[in-house]
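Undergrad: Here is how the chains run, residue by residue.
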Amino acid sequence: MNQTCAEVHSSAAAESQLLPAEISALYDAHSRAIYYLALRFLGDAHKAEDATHDVFLKALRNIKQFRGDSSARTWLYRIAINHCKNVRSAWHDRHVLPSSDNEFIERLPGGDSPLHILETKELGERIQRALDGLPAEYRLLLLLVSDQELSYQEAGALTGQSADAVRGKLFRARKAFAGLFAKTE
Amino acid sequence: MKPQNKLSTGRHQEQAAGEQTAAANSSALEFQSVEELLRHDAAQTAVPPEIARRLSQSIAQSRSRRPWWRKLLD
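Residue numbers (my numbering), protein chains in the order written: chain P, 1 to 185; chain D, 1 to 74.
For the record, the hints were derived by calculation from the structure and aren't laboratory data.
Values in this document were obtained by computation on a predicted structure and should not be read as measured data.
Careful: at least some of the hints might be erroneous.
[Unchecked claim] With the Cβ distance kept under 10 Å, some of the chain P side facing chain D (calculated, not the full set):
#1 Tyr35
#2 Leu39
#3 Arg40
#4 Leu42
#5 Asp44
#6 Ala48
#7 Leu60
#8 Ile79
#9 Ile81
#10 Val87
#11 Pro114
#12 Ala130
#13 Ser146
#14 Phe177
#15 Phe181
C-beta: ideal position from N, C-alpha, C; glycine also.
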């Protein structure tokens, strides 16, 4: 039986009420962002489910160490990035050829022009294929800065670089994504 | 009655054609940036409810496994 998006949301909200109070508010506010990052970074729905579960479990175990120096979203992203990188290094990098070839990216035709989507069917699959073709660092940066709750500075802190470095890399990441995305048509 | 039916059928056909065009138009989208496209994709992506269920079970299991003295300290 197919569930509509609204039904899945209400079902997810009902499920989150099963969680202890100290984690349910965090889960309600941030599970979508964490799941989306894991899904598109790892490229696999089952691995993303496992990762989201593990991230919130780790967060609960370490909740006393969260001092509020950063936002809860940034703190959870940090746990999620470390976790997803471990998952990738354990499996993905052994099975997928790295595509961080600078010349390859330079040759891609993408630019800053708007992205026109004529058919929204299978849009998620096309986005995933384009992201899969990017170097992991570019993929992560694009996913982080697409979250409007995160500044370039916070994205830089999460990836160990300055906000200016993030800006510079994003220019190339956008260009590479647009080129790869056009190829998925 | 028949002409009315014809008219009515014609209107239905026009309406159906209009709906098809609207549907085709609504499926065509333009995004000003990659980030905007990803935000749209994130908004369309639902979190599977199984995650919260599993998380709740894992928390319950880990709490039941804690030694009595640890429970007193927490």
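Undergrad: Work down the list of hints and note, for each, if the structure agrees.
TA: Going through the hints against the structure:
1. Tyr35: Interface hint status for Tyr35 (chain P): holds (5 Å vs cutoff 10 Å).
2. Leu39: OK, holds: Leu39 (chain P) within 10 Å of chain D, min 7 Å.
3. Arg40: Hint holds; Arg40 (chain P) Cβ to chain D Cβ min 8 Å, cut 10 Å.
4. Leu42: 13 Å, violated
5. Asp44: 13 Å, violated
6. Ala48: This hint holds: Ala48 (chain P) lies near chain D, its Cβ roughly 9 Å from the closest one there, short of 10 Å.
7. Leu60: 6 Å, holds
8. Ile79: 14 Å, violated
9. Ile81: At about 16 Å, which exceeds the 10 Å cut-off, the nearest Cβ of chain D leaves the hint on Ile81 (chain P) violated.
10. Val87: Constraint on Val87 (chain P) not satisfied, violated at 15 Å.
11. Pro114: This hint holds: Pro114 (chain P) lies near chain D, its Cβ roughly 5 Å from the closest one there, short of 10 Å.
12. Ala130: 9 Å, holds
13. Ser146: With a minimum Cβ separation of about 4 Å from chain D (threshold 10 Å), the hint on Ser146 (chain P) holds.
14. Phe177: OK, holds: Phe177 (chain P) within 10 Å of chain D, min 5 Å.
15. Phe181: This interface hint holds because 8 Å falls under the 10 Å limit.
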